[in-house]
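Enquirer: So you can see what is in the structure, the chains are spelled out below.
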Amino acid sequence: MRNFDKKLLDEEKGRKLRIRGERFEVFLAKPWDLPLYVEERVVDLGIIGRDVILEQERNLVNLLSLPFGYCKMVIAGYPHISLEKNGKEIKIATKYENIARKFLEGKWSKIKVIKLNGSVELGPILNISDFIVDIVETGKTLKENGLEIKEVLFESSACLVSNVASFVYLRDEILSFVKEVRKLNDKCN
Amino acid sequence: MKRENLEKVIRRKLELWGYNEVRIPILYEDIWGEKNLIYFEKNGKFLALRPEITREILKSIRYEETPKRMFYMGPIFKFNGGQVEENYQIGWELVYRPSVWRDLEVLLIVKEIFDELNIEDYIIELGNTRIWEPIWKLIEDKERIKVLKGYLKKRDYVSFLENLEITSEIRNEVINLLYYDSSINFVNPLIEEGLKLLLSFIENLIKLGFKESNIVMNPALMRPYEYYDGIIFEVYLKNAKLALGGGGSYIEKNKYNELLYGFGFAFVEENLLGLVNKNMPEESAKYFMGFDDDFIRIYEDMKREREKGIVSIFIPNN
Chain A
5 MRNFDKKLLD EEKGRKLRIR GERFEVFLAK PWDLPLYVEE RVVDLGIIGR
55 DVILEQERNL VNLLSLPFGY CKMVIAGYPH ISLEKNGKEI KIATKYENIA
105 RKFLEGKWSK IKVIKLNGSV ELGPILNISD FIVDIVETGK TLKENGLEIK
155 EVLFESSACL VSNVASFVYL RDEILSFVKE VRKLNDKCN
Chain B
77 MKRENLEKVI RRKLELWGYN EVRIPILYED IWGEKNLIYF EKNGKFLALR
127 PEITREILKS IRYEETPKRM FYMGPIFKFN GGQVEENYQI GWELVYRPSV
177 WRDLEVLLIV KEIFDELNIE DYIIELGNTR IWEPIWKLIE DKERIKVLKG
227 YLKKRDYVSF LENLEITSEI RNEVINLLYY DSSINFVNPL IEEGLKLLLS
277 FIENLIKLGF KESNIVMNPA LMRPYEYYDG IIFEVYLKNA KLALGGGGSY
327 IEKNKYNELL YGFGFAFVEE NLLGLVNKNM PEESAKYFMG FDDDFIRIYE
377 DMKREREKGI VSIFIPNN
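Those sequence lines, one after another, are chains A and B. In terms of the working numbering, the first sequence opens at residue 5 and continues consecutively. In terms of the working numbering, the second sequence opens at residue 77 and continues consecutively.
None of these hints come from the bench; they were simulated from the model. Take these hints with a grain of salt, some might be off.
Said to hold, decoys possible - Output of the computed footprint for chain B on chain A, the stretches with three or more beta carbons under 8 Å from beta carbons of chain B: (1) 35-47; (2) 170-182.
Stated by the list, open to error - 30 Å max Cα-Cα, derived DSSO-like pairs, lysine-lysine: (3) K222(B) / K76(A); (4) K272(B) / K84(B); (5) K111(A) / K329(B); (6) K154(B) / K114(A); (7) K116(A) / K34(A); (8) K183(A) / K154(B).
Everything numeric in this text was worked out from a predicted model, so none of it was measured. For every residue, glycine included, the Cβ atom is placed at its ideal position computed from N, Cα and C.
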């Protein structure tokens, strides 16, 4: 954001959650709360991971993929357990219940999604689940826990999102910002 | 402002344009599998509370060569987060073959109602489904098209572009449609034609009294139902978080297997009520105070006021 509003750099001190620039007023929020702020039009724009956007399915405009926060949403498990159908109910441990249901429905005859709030790798280790669905950056944590990636469900990065009504009322301003961000993306690539 | 007064304004305006009210049952028999639908069983029949009104009306009316104007107001139901949610849907339809005046008329009624409610800072976001036809033709695969349309409806441009397997030249055209601004020129003549049609429709709206600030052109706009074909739109109010409602041009088969062409608009009343309270002019009323015995004498005076169209209310003087 500092590329688009230099004043943000001067204002960004300490642990402030609200930073006023010349062009933007920036709020630093937890990733899982941000879609709500955008949907409720507390803010006009947000930068949120695609994993959270797809999980929460809120009413937003997902405008643009940004070149940071890369990771993969994967299904992972022990090497000796295959994804093949075996007629049994398959248990999936995950923080991403909706994504697991959406992407894995129909893959097996029956699945049970078990919601965990963190350290999802414990699912197979403690025999709570057969597989896990989680975001992976390097795959190091999986490896250290004896798990491997079975399938990539989708690739994720940070995304620029907008409130639906803001996109209509501030269309010119938002699209001009999108243009600037795309230009910067092209330069970085 | 009371719900009844809002409905009165809308009803009166529609009647002045020659629209007639239609009423349909609250219980549906033949819809299945729709998400959030409320079902129950009675004497071996599965029944559902209506989730919306427009489609059911379109199914039941016959197509005629003359314009058919109708409006509806009534409750709709859905299951939301484990709770039954009841809302009140209001909409109007002009069933007639595709014509510019037909589409303009429906939107002019929106404008006139907003004028009467003193709502000035609304925006009508306009699109045209035909702009996308050349893209869908290139993709061919119907399932794929459905998925891509789904992303446009959800306004998930990131997933849309990720799933768009298409030559880079057309891809650039698509990107320009998603982030459209009037300075962009398109190579594909069919896309250009669809955009011109939309622009000329907007020019007509402005000629008819819409302010430029009331209109936003968004070629990437897509509506939730498959039956839309041609001009589509969504209506926004300044302090709202999402669209008040929407509509557009459609082609739908009725239960007699006839093709029905029309243009309509529908919205949920609660979304408007919360926002117009400050804007609505209150209806003036005359109050007549008296004891029980005075009522018979006062009645004639009240009747005369009512004949002039003035609301007259008796207040007992206890």
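Enquirer: Does each hint fit the structure? Answer for all of them.
Expert: Each hint, compared with the structure:
1. Three residues within the 8 Å Cβ limit are the bar, and the segment 35-47 of chain A against chain B gives 3, so the coverage statement holds.
2. Using a Cβ-Cβ cut-off of 8 Å, 7 residues of the segment 170-182 of chain A lie near chain B, which meets the minimum of three, so the contact claim holds.
3. The hinted pair formed by K222(B) and K76(A) meets the criterion: a straight-line CA distance of about 25 Å does not exceed 30 Å.
4. For the suggested pair K272(B) and K84(B), the alpha carbons sit about 38 Å apart, so the restraint of at most 30 Å is broken.
5. Proximity of K111(A) to K329(B) is assessed by CA-CA distance (about 35 Å); at most 30 Å being required, the pair is judged violated.
6. With a CA separation close to 27 Å, the supplied pair K154(B) and K114(A) stays within the 30 Å bound.
7. At most 30 Å may separate the alpha-carbon atoms for a hinted pair to count; K116(A) and K34(A) meet this at roughly 28 Å.
8. Distance hint between K183(A) and K154(B) is unfulfilled; the C-alpha atoms sit about 40 Å from each other, more than 30 Å.
The structure fails hints 4, 5 and 8 (numbered hints given earlier, in ascending order).
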